[in-house]
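Taken in sequence, the protein lines are chains L and G. Going by the working numbering, the letters in the first sequence line up with residues 1 to 341, in that order. Going by the working numbering, the letters in the second sequence line up with residues 1001 to 1318, in that order.
Hints may contain errors.
Going by beta-carbon spacing under 10 Å, a handful of chain G positions derived as facing chain L [to be verified]: (1) Asp1230; (2) Ala1231; (3) Arg1237; (4) Asp1281.
Simulated DEER-style distance windows between Cβ atoms [unchecked claim]: (5) G/Asp1221 - L/Phe261: 25 to 31 Å; (6) G/Asp1221 - L/Glu218: 32 to 38 Å; (7) L/Tyr180 - G/Lys1009: 37 to 43 Å; (8) L/Tyr271 - G/Ala1170: 52 to 58 Å; (9) L/Glu226 - G/Ala1224: 43 to 49 Å; (10) L/Ala322 - G/Ala1014: 42 to 48 Å; (11) G/Ile1016 - L/Glu328: 34 to 40 Å; (12) L/Tyr180 - G/Phe1018: 55 to 61 Å; (13) G/Ala1017 - L/Glu204: 36 to 42 Å; (14) L/Thr326 - G/Lys1213: 42 to 48 Å; (15) L/Gly85 - G/Ala1224: 36 to 42 Å.
To be clear, the hints were calculated from the coordinates, so they are not data collected in a lab. Bear in mind the structure is a predicted one, so any value in this text is a computation, not a measurement. Just so it is clear, CB atoms sit at the ideal spot from N, CA and C, and this is done for glycine as well.
These are the residues of each chain, in order.
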Amino acid sequence: MTNTPQMPPPSSAVSEEIEALGRECESYQPVIQSVFDEVKRILVGQDDMLLKLIIGLLCRGHILLEGVPGLAKTLTIKSLAVAIGAQFSRVQFTPDLLPADIVGTRIYNPQTTDFSTRLGPVFANLVLADEINRAPAKVQSALLEAMQEKQVTIGDETFKLPDPFLVMATQNPIETEGTYPLPEAQLDRFMMKVKVTYPWRNEENLIIDRITSGKSIELEPAITTEKVLEMQRVVDRIYVDENIKKYVLDIVFATRQPKEFGLDIDYLIEYGASPRASIYIIMTSKAFAFLNGRGFVTPDDVKAMAMDVLRHRILLTYEAEAEEVTSEDVVQKIMSTIYVP
Amino acid sequence: MIRSLNHIKPALYAVIAFAFILLTAFIVDGETTGEVDVNPRLVRLGVPFTVTVEIESDENIQNPRVDFPEPDGVHLSRGSSMQGVNITRGSGGTEVSHVISREYTADEPGQYEIGPFRVTYFNSEGETEEIELEPVIVEIFEDAPREASTIIQGTMPWWWPYLITAICLAILAGLVAGWYALKRRRIPDEAAPAVIHIGSRSPEQIAYEAISKLEIPDPEDEEAVKEYYDAVDDILRVYLTRRYNMPTRDATLWEIRQEFTRRKRLDSRVKGVFEMMNDCDWVKFAKMEPSSKDIRNVKVRAADVLVGQKVEDTGGVA
Chain L
1 MTNTPQMPPP
11 SSAVSEEIEA
21 LGRECESYQP
31 VIQSVFDEVK
41 RILVGQDDML
51 LKLIIGLLCR
61 GHILLEGVPG
71 LAKTLTIKSL
81 AVAIGAQFSR
91 VQFTPDLLPA
101 DIVGTRIYNP
111 QTTDFSTRLG
121 PVFANLVLAD
131 EINRAPAKVQ
141 SALLEAMQEK
151 QVTIGDETFK
161 LPDPFLVMAT
171 QNPIETEGTY
181 PLPEAQLDRF
191 MMKVKVTYPW
201 RNEENLIIDR
211 ITSGKSIELE
221 PAITTEKVLE
231 MQRVVDRIYV
241 DENIKKYVLD
251 IVFATRQPKE
261 FGLDIDYLIE
271 YGASPRASIY
281 IIMTSKAFAF
291 LNGRGFVTPD
301 DVKAMAMDVL
311 RHRILLTYEA
321 EAEEVTSEDV
331 VQKIMSTIYV
341 P
Chain G
1001 MIRSLNHIKP
1011 ALYAVIAFAF
1021 ILLTAFIVDG
1031 ETTGEVDVNP
1041 RLVRLGVPFT
1051 VTVEIESDEN
1061 IQNPRVDFPE
1071 PDGVHLSRGS
1081 SMQGVNITRG
1091 SGGTEVSHVI
1101 SREYTADEPG
1111 QYEIGPFRVT
1121 YFNSEGETEE
1131 IELEPVIVEI
1141 FEDAPREAST
1151 IIQGTMPWWW
1161 PYLITAICLA
1171 ILAGLVAGWY
1181 ALKRRRIPDE
1191 AAPAVIHIGS
1201 RSPEQIAYEA
1211 ISKLEIPDPE
1221 DEEAVKEYYD
1231 AVDDILRVYL
1241 TRRYNMPTRD
1251 ATLWEIRQEF
1261 TRRKRLDSRV
1271 KGVFEMMNDC
1281 DWVKFAKMEP
1291 SSKDIRNVKV
1301 RAADVLVGQK
1311 VEDTGGVA
């Protein structure tokens, strides 16, 4: 499922707790694999995007996707929703969208002379916020607040959002005229920013065959949302050693004070990553370890997740832009310098 | 070929832009009433040269006549007069120019100024008009070098051959730069890594001695045990760097293993080192609780893996 580093069993006895946790993680491997297999019946390629969505689900975080149109973003999240037996809703963000279009509104019924509440599309397990940068700030804030609070207030009633709840927002990297780019403070609320790339040639060949054949594939739920909640609780218990925490803190602090780590890149970084970065790196590393059937986090898990967590959290200077240095370059530089425990 | 072109593209673009600018400089946009030209300007003694006067006018002029002067040392060749009319039809209308040329010869080498030239003609109203044109310079050589008297036409400036040479040199420099850049980018073949010896001791000996000197921690002291395995892991990483010239401090064990597999250097010693590092990782990240025998066994394994010695476990805890 993932190109993961497998640690051969040691020559000595492992702690019972870790061993039990490891066995528990391994027992969920077939469950995860069944979700993957079900989604892959319709989805070609984009394994990385699917993996990150599942990690987002397991960590109760939200994902920001960046990719040009036509890369199966909607198809992926829709298929995942079906595979885990969850509700799915899609919101196409446009400049004329209103907050009530996202969260819902109260509607007056003249016959009963009473108000009724109509819940918005945000009340689903998996929500696709398509082209979030096309809507004005007010609408973006309505969604982001719902993401943060996991509840929505309409009138004087508060409604809890369903569990599990994942928002996958997309940004179109082209056609940026007339858009409202998400400010850095709002970007920070997304656990990961995943870049979606074009499929390989052989994958696109398969896509052509599947789509143009006219055959439709109906997906079936492989698991239920209760199973997802169960797996979330297991992920919470994955062991993170102090060495790993120190490693993560070194990485995040290197984005704030690079000189202290022997990095000559402080002229490139305006603002480093916030504490959310540390939290999310640990959380996503735990989910990654879980997906690999391990009850503990290793530096490989951290390295696998750090880029997606950090790339949208580092604000670069004008010098960096002039030198065409991207945040990925900065993160790569940091990762290749910080000592692995 | 495409790769090499990519490297010399900047030089090529510079050359093309420079040539374009120069060529456009020769385009004379605009009308002149009269222009005198000498062909050739650098002449060997005894070789005749031609002075051409071209008269352009917006009106229909008739019978233009040119007074060709004969300064000292230069004289007109008899019967060498030629006269013609050039008619050019363009978007701005029809342009008519009268061309009159005479041949000269020089008696002695030297530089001669021929002119000014007095041009008389009848205008469209039948009246006589006159204009004066600037003199021209011609150089006569006793025995002119071949390149001075060859194909340098009257309209070509003196620095033309130098420009051609500069362009050719620029192209050559661009090609050389591209070839050099291409050569530098080639990844050299994997050679045997330089082993870093400290004094007369091999990296294996240094690593083994360092591990031997570590104090055996109390198995009940989790912190001390972790530090011990941390130290062992550090020593083994430094050993791998010294022996195989590969940076290891910023790589995980899995990444190091991948690199060794790629380099096809997974011999028994390396595998043994990886096993030890794997155990260290389990202690560092997975709360593995080694027994006192396991902790002492680290030194035994180090002796076996690094220096090929079978050492007995002498027991004892710090």
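Outcome of the hint check:
1. Asp1230: holds, 8 Å
2. Ala1231: violated, 12 Å
3. Arg1237: holds, 9 Å
4. Asp1281: holds, 6 Å
5. G/Asp1221 - L/Phe261: 25 to 31 Å: holds, 30 Å
6. G/Asp1221 - L/Glu218: 32 to 38 Å: violated, 60 Å
7. L/Tyr180 - G/Lys1009: 37 to 43 Å: Roughly 40 Å apart at Cβ, these two residues keep to the hinted range, so it holds.
8. L/Tyr271 - G/Ala1170: 52 to 58 Å: violated, 46 Å
9. L/Glu226 - G/Ala1224: 43 to 49 Å: Taking Cβ atoms as reference, L/Glu226 and G/Ala1224 lie about 44 Å apart, which means the hint holds.
10. L/Ala322 - G/Ala1014: 42 to 48 Å: 23 Å Cβ-Cβ, so the 42 to 48 Å window is violated.
11. G/Ile1016 - L/Glu328: 34 to 40 Å: holds, 36 Å
12. L/Tyr180 - G/Phe1018: 55 to 61 Å: violated, 47 Å
13. G/Ala1017 - L/Glu204: 36 to 42 Å: holds, 40 Å
14. L/Thr326 - G/Lys1213: 42 to 48 Å: holds, 46 Å
15. L/Gly85 - G/Ala1224: 36 to 42 Å: Since the Cβ atoms of L/Gly85 and G/Ala1224 sit about 50 Å apart, the hinted range of 36 to 42 Å is violated.
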